[in-house]
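The sequence shown begins at 1 in this note's numbering and counts up one residue at a time.
Keep in mind the hints are simulated off the structure, nothing from the lab.
Being a predicted model, the structure only gives us computed values, none of them experimental.
The reader is advised that the hints may include incorrect statements.
Stated by the list, open to error - As a list, the in silico DMTMM-like pairs of lysine to aspartate or glutamate whose alpha-carbon atoms are at most 25 Å apart:
# : residue 1 : residue 2
1 : 84        : 5
2 : 14        : 83
3 : 84        : 9
4 : 78        : 32
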Amino acid sequence: MEYKERFTDRDLVKIMEEGLIYMCACPAQVAETLRNVRGLYRYQLKCRDNPDTDSIVHTTIAGVAIAVHAQLEDCMEKILELEKWDRATLAMPPNLRKRQAEDIEREL
Numbered sequence: 001m002e003y004k005e006r007f008t009d010r011d012l013v014k015i016m017e018e019g020l021i022y023m024c025a026c027p028a029q030v031a032e033t034l035r036n037v038r039g040l041y042r043y044q045l046k047c048r049d050n051p052d053t054d055s056i057v058h059t060t061i062a063g064v065a066i067a068v069h070a071q072l073e074d075c076m077e078k079i080l081e082l083e084k085w086d087r088a089t090l091a092m093p094p095n096l097r098k099r100q101a102e103d104i105e106r107e108l
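Kindly produce the complete structure, drawing on both the sequences and the hints.
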């Protein structure tokens, strides 16, 4: 399986920011997890190339990270589609913004 990124790190940060602004944590959690898996993958590549480590261990971890990353990106694509996010700007849709604002008002 080949490592591919459909969302840039900048895209993921934008989704996380939208989630924080409008108090909608689920897409932000998926974005944050994607960033963590990317970090894990990159770290494993460094470890794998170190002659003092067992490359099989790090190749195994990197391979699983690739699979998890692909599944999480599929999940993010589905979330954005289901919630009707603007894919060009990655702005949260107005209906979700309104719902979050209404939830906040009810709590006050």
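Cross-check of the supplied hints:
1. 84 with 5: Given that 25 Å is the threshold and the Cα spacing comes to 21 Å, the pair holds.
2. 14 with 83: Roughly 16 Å between the alpha carbons, so the hint for residue 14 and residue 83 holds.
3. 84 with 9: With a Cα-Cα distance of about 21 Å, the restraint between residue 84 and residue 9 holds, given a limit of 25 Å.
4. 78 with 32: Answer holds: residue 78 to residue 32 is near 16 Å, not above 25 Å.
Violated hints are absent here; each numbered hint is respected by the structure.
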